[in-house]
Amino acid sequence: MTDSRRLLLDRFKKLAITGETSYAVYSHLHTGMSDPRRLFQSVIESVGGECRFVADTEAARKAVAGSEVLLAAKQVCSYIKEIAQGNFDAEAMADAHQCADVDLTIVRGELGVAEDGAVWVNADLLRHRALLFLSENLILVVKGQDIVPDMESAYARIDFTRLRSGYFISGPSKTADIEQCLVIGAHGAKSLLVLVVG
Amino acid sequence: MSLGRVGLFIPCYIDQVYPRVGMAAVRLLEKLGVPFEFPEDQTCCGQPQFNSGCFKDAAKLAGKMFRIFKDFDWVVCPSGSCTGMVREFYELLLGREKEKDDFKHLVSHTFELCEFLIDILKVETVDGSFPHKVGLHQSCHGLRGLGLGVPSEQVLPGQTGKVKRLLESLRGIEIVTTGRSDECCGFGGTFSVFEGAVSSFIGRDRIRDYEEAGAEVIVSYDVSCLMHLDGLIRRDKKRLRVLHVAEVLNRAVA
Amino acid sequence: MKGHARLAAAFLKQEERAHWHDQALWYVREKRDRMAASIPDWEALRETAQAIKRHALANLPSYLEEFERNAVARGAIVHYALDAAEHNRIVLEILKRRNARLVAKSKSMLSEECSLNEFLEQHGVEVVETDLAERIIQLAGERPSHIVLPSIHIRKEEVGEIFHEHLGTESGESDPTRLTRAARAHLREKFLAAEAGISGVNFAVAETGAVVICTNEGNADLGNSLPDLYIAVMGVEKVIPKTRDLSVFLRLLSRSATGQPISAYTSHLLGPRPGQEMHVVVVDNGRSEILQREKFYKAAFCIRCGACLNTCPVYRRSGGHSYNFVIPGPIGTILAMHRDLKKYKDMPYASTLCGSCSAVCPVKIDIHRQIVLWRNAVVEAGYLGWAKSAALKTATLGMKSTRLFRLGGWVVRRLSRVLPPAVFNNRLTIWGKSRDLPKMPARSFRAEYRSYSRSKKKRLESRVGREGRS
Numbered sequence: 001m002t003d004s005r006r007l008l009l010d011r012f013k014k015l016a017i018t019g020e021t022s023y024a025v026y027s028h029l030h031t032g033m034s035d036p037r038r039l040f041q042s043v044i045e046s047v048g049g050e051c052r053f054v055a056d057t058e059a060a061r062k063a064v065a066g067s068e069v070l071l072a073a074k075q076v077c078s079y080i081k082e083i084a085q086g087n088f089d090a091e092a093m094a095d096a097h098q099c100a101d102v103d104l105t106i107v108r109g110e111l112g113v114a115e116d117g118a119v120w121v122n123a124d125l126l127r128h129r130a131l132l133f134l135s136e137n138l139i140l141v142v143k144g145q146d147i148v149p150d151m152e153s154a155y156a157r158i159d160f161t162r163l164r165s166g167y168f169i170s171g172p173s174k175t176a177d178i179e180q181c182l183v184i185g186a187h188g189a190k191s192l193l194v195l196v197v198g
Numbered sequence: 001m002s003l004g005r006v007g008l009f010i011p012c013y014i015d016q017v018y019p020r021v022g023m024a025a026v027r028l029l030e031k032l033g034v035p036f037e038f039p040e041d042q043t044c045c046g047q048p049q050f051n052s053g054c055f056k057d058a059a060k061l062a063g064k065m066f067r068i069f070k071d072f073d074w075v076v077c078p079s080g081s082c083t084g085m086v087r088e089f090y091e092l093l094l095g096r097e098k099e100k101d102d103f104k105h106l107v108s109h110t111f112e113l114c115e116f117l118i119d120i121l122k123v124e125t126v127d128g129s130f131p132h133k134v135g136l137h138q139s140c141h142g143l144r145g146l147g148l149g150v151p152s153e154q155v156l157p158g159q160t161g162k163v164k165r166l167l168e169s170l171r172g173i174e175i176v177t178t179g180r181s182d183e184c185c186g187f188g189g190t191f192s193v194f195e196g197a198v199s200s201f202i203g204r205d206r207i208r209d210y211e212e213a214g215a216e217v218i219v220s221y222d223v224s225c226l227m228h229l230d231g232l233i234r235r236d237k238k239r240l241r242v243l244h245v246a247e248v249l250n251r252a253v254a
Numbered sequence: 001m002k003g004h005a006r007l008a009a010a011f012l013k014q015e016e017r018a019h020w021h022d023q024a025l026w027y028v029r030e031k032r033d034r035m036a037a038s039i040p041d042w043e044a045l046r047e048t049a050q051a052i053k054r055h056a057l058a059n060l061p062s063y064l065e066e067f068e069r070n071a072v073a074r075g076a077i078v079h080y081a082l083d084a085a086e087h088n089r090i091v092l093e094i095l096k097r098r099n100a101r102l103v104a105k106s107k108s109m110l111s112e113e114c115s116l117n118e119f120l121e122q123h124g125v126e127v128v129e130t131d132l133a134e135r136i137i138q139l140a141g142e143r144p145s146h147i148v149l150p151s152i153h154i155r156k157e158e159v160g161e162i163f164h165e166h167l168g169t170e171s172g173e174s175d176p177t178r179l180t181r182a183a184r185a186h187l188r189e190k191f192l193a194a195e196a197g198i199s200g201v202n203f204a205v206a207e208t209g210a211v212v213i214c215t216n217e218g219n220a221d222l223g224n225s226l227p228d229l230y231i232a233v234m235g236v237e238k239v240i241p242k243t244r245d246l247s248v249f250l251r252l253l254s255r256s257a258t259g260q261p262i263s264a265y266t267s268h269l270l271g272p273r274p275g276q277e278m279h280v281v282v283v284d285n286g287r288s289e290i291l292q293r294e295k296f297y298k299a300a301f302c303i304r305c306g307a308c309l310n311t312c313p314v315y316r317r318s319g320g321h322s323y324n325f326v327i328p329g330p331i332g333t334i335l336a337m338h339r340d341l342k343k344y345k346d347m348p349y350a351s352t353l354c355g356s357c358s359a360v361c362p363v364k365i366d367i368h369r370q371i372v373l374w375r376n377a378v379v380e381a382g383y384l385g386w387a388k389s390a391a392l393k394t395a396t397l398g399m400k401s402t403r404l405f406r407l408g409g410w411v412v413r414r415l416s417r418v419l420p421p422a423v424f425n426n427r428l429t430i431w432g433k434s435r436d437l438p439k440m441p442a443r444s445f446r447a448e449y450r451s452y453s454r455s456k457k458k459r460l461e462s463r464v465g466r467e468g469r470s
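In order, the protein sequences belong to chains A, B and C. By this note's numbering, the letter at position 161 of the first sequence is numbered 161, and the numbering carries on one by one without gaps. By this note's numbering, the letter at position 63 of the second sequence is numbered 63, and the numbering carries on one by one without gaps. By this note's numbering, the letter at position 259 of the third sequence is numbered 259, and the numbering carries on one by one without gaps.
Just to be clear, a hint being listed does not mean it is correct.
Simulated crosslink set (SDA-like; lysine to any residue; CA at most 25 Å straight-line) [said to hold, decoys possible]: (1) K458(C) / K64(B); (2) K64(B) / P61(C); (3) K433(C) / L415(C); (4) K60(B) / V6(B); (5) K13(C) / F325(C); (6) K458(C) / E37(B); (7) K96(C) / S4(A); (8) K64(B) / G398(C).
Read the hints as simulated data drawn from the structure, not as lab findings.
Please take these sequences and the hints and turn them into a complete structure.
This is how it looks when you write it as structure tokens:
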């Protein structure tokens, strides 16, 4: 195996790529992005998700309490106790497989990206990162001040030095594999609600 | 404005199959007061050989073209693909010449007819009339290789196509909007023979697009595409006509 | 092995289906256009992406070592495979050591390239493709026909039949939502039972050792989170230098591939989750050869978006199965030629050289120009075929000499005016099978022009003469 390593690395030492190979750092133009929050919301909606702006934590709590997904849910797992109590403690489960029937998971998002409606979730906060994908429905809560315009700004704020896993989540899971007909809810969450607080 | 010597480069299939396009180019240049010469020794730029991968054979023909045209100040050609051949690909064929000044001059001074009018003669509008519904077929090499139009794949804000603008200056003309603005016609040179089924299928899709958009005549700066489309039009007994852009401009101008 | 021309002709016999296939892919191309148009500096972005790839590949050994160092520091186990066989062996060994017999697999074109599934199945491992399209074709026993939309050639009624046979859905069911729900339930069981997960990699970040995977379905994430064993397989060219470089590629990838701003899930994995063993298998399998070919190395820039397939007028009207290589269409052609010039020599000729592929490629590979250069390589190797060679050599002869050229043209024009059109407008001339030949003119341009010039000169002379006399 080590032989293959040495041999492989050696193979790539003689290449035909010539000329200038440095590159300038790219700066994305924010043309037309006058309102990142509105753009963030419209992109989420265009990809089958829902995005709501609420004034504060109390308003967020009310929004979740009255939401269809919560009312229909049997197993609710909440990582934000101020917003919802939940009735399923995923942290107490020894195995992710035991989270297979969770109907709704509520998790904090560290930031939201306006250009593509993506929310960054630091999955180290969860004992079982699989929960983000097993859960039938997902609610992500982001602070209004944490909406950034683009991916460059997002990556500049993420610390990868100790991170084990993190996800940009944009909309619910979906597929168009059957005759290009969009179906929301493939293997992951069937719905996504993003709450922007403040 | 003194242009110097202008050489008229007439593609092989225009010479042999569509002389009317060559004559339209001749008449048009005369009307515009452009003194030109037609070097009779020319045959073919080598594109069929090049496209098939026979670079050595193509190089023989490219060498001949280079010798015939290198002393002209400008070379004008009523074909996007043949012009593209010189500008984009002659350096691959004439490796030994490519650093020489006269080679660089030929490559940078060979123009398709419309771009010669627009970029060199500074003729942005043509005073003439062509009251017809036109399907503008923006042939691939000219479109993506020479920049004769704005390719639909690219994001070039604020830009509009040169050839389209030139045609739109004609009184009464209506350039129809097709479902696919610049899809290939399917000719592809020897592709039309060796992959005949795909070639014709693509061509028929193009024709249907122009029909549905209400075009009376399909216009292009490449008569090779028109030859292919016309072959299908006549086999299917459709009512569309085909005209080269030189013919349109020539007819429009008194 | 039937060449593209014959397979394509067969594909086109089912006209309605061919139109449907063409429209479905054009629709994806249009979505891409709309996304690209929303980014005013899209063209500059493509330049940057190519520059990053060029830099990364020019410095590949040091970036691979950096990636390995960082991934290992996070607890991943990194392996190197020189070729497909070694890749397959390594994956099998990892599975066998942990006694894993059921694998939840997510899309990986590399694994298709190595025929991993067949190899594993032969050695007693059950591989379940979890990407919906991949599962459909796996159940149907077919090859993927597109690198991003593997089952684009299959109609919903046919999916219904496949699911009725294998999943027990109702006969005649063709509603995409109901079929997808059935697949969700079926595959959820597999995810929960899987003893190992295998996925491909979209980007491997050298700076952090992160493996980045983009999916819409969430299948890769269930596959790499639930089982206690996870294997990520990647070609060497997936390595990119820095985290910030991801922004450029992520901005381009989904927009180019499916016309979305980003995929639903962009997963960043830095080492295994607690209680899990994570392996990364880094594969060459011919990529080093690609990078040594001066005229052809740009093919290695590819980020596997599939935009070139969607835009190709030939691919749309012939389908992925008309190409004999694991990856079809324009990028497939230039990759196939690197792998085996002789075996895939028909592929570069399955193109009109329209250049649309090059215009959509997010990393600006000049695909159509590469295709023409490969045609030259085919000719130089003597693989053109005697019929084509003879035809072209004859044409060259006839064009080198101006006199022969004029004579040849004259003969053809004479013949065409003497013989009835039916002689030419038929299957034997090949052109004439589906089109009419052009009406040959009485005279060539040069003859017309000569006589035009003469009579113009005469008119001028006689006018001067009159003016002189008056």
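Discussion item. Hint check: K64(B) vs P61(C), CA-CA at most 25 Å. Holds or violated?
Written reply: 47 Å, violated
Discussion item. Next pair to validate is K96(C) with S4(A); report whether the Cα-Cα distance is within 25 Å.
Written reply: Holds: K96(C) and S4(A) sit about 21 Å apart, inside 25 Å.
Fill in: Proposed proximity, L415(C) with K433(C) (alpha carbon, max 25 Å)
Holds, at about 19 Å.
Worksheet item: Keeping to a limit of 25 Å between CA atoms, is the pair of K458(C) and K64(B) held or broken?
Response: 32 Å, violated
Item to complete: With a cut-off of 25 Å on the C-alpha distance, tell me whether K60(B) and V6(B) pass.
Response: At roughly 23 Å apart (the allowed maximum being 25 Å), V6(B) and K60(B) satisfy the hint.
Worksheet item: Under the criterion that the straight-line Cα-Cα distance not exceed 25 Å, is the pair K64(B), G398(C) satisfied?
Response: Answer holds: K64(B) to G398(C) is near 13 Å, not above 25 Å.
Worksheet entry | 25 Å Cα cutoff - pair K458(C), E37(B) | 18 Å, holds
Worksheet entry | Proposed proximity, F325(C) with K13(C) (alpha carbon, max 25 Å) | Within the cut-off at roughly 22 Å; holds.
Hint compliance for this structure: hints 1, 2 are broken, all remaining hints hold.
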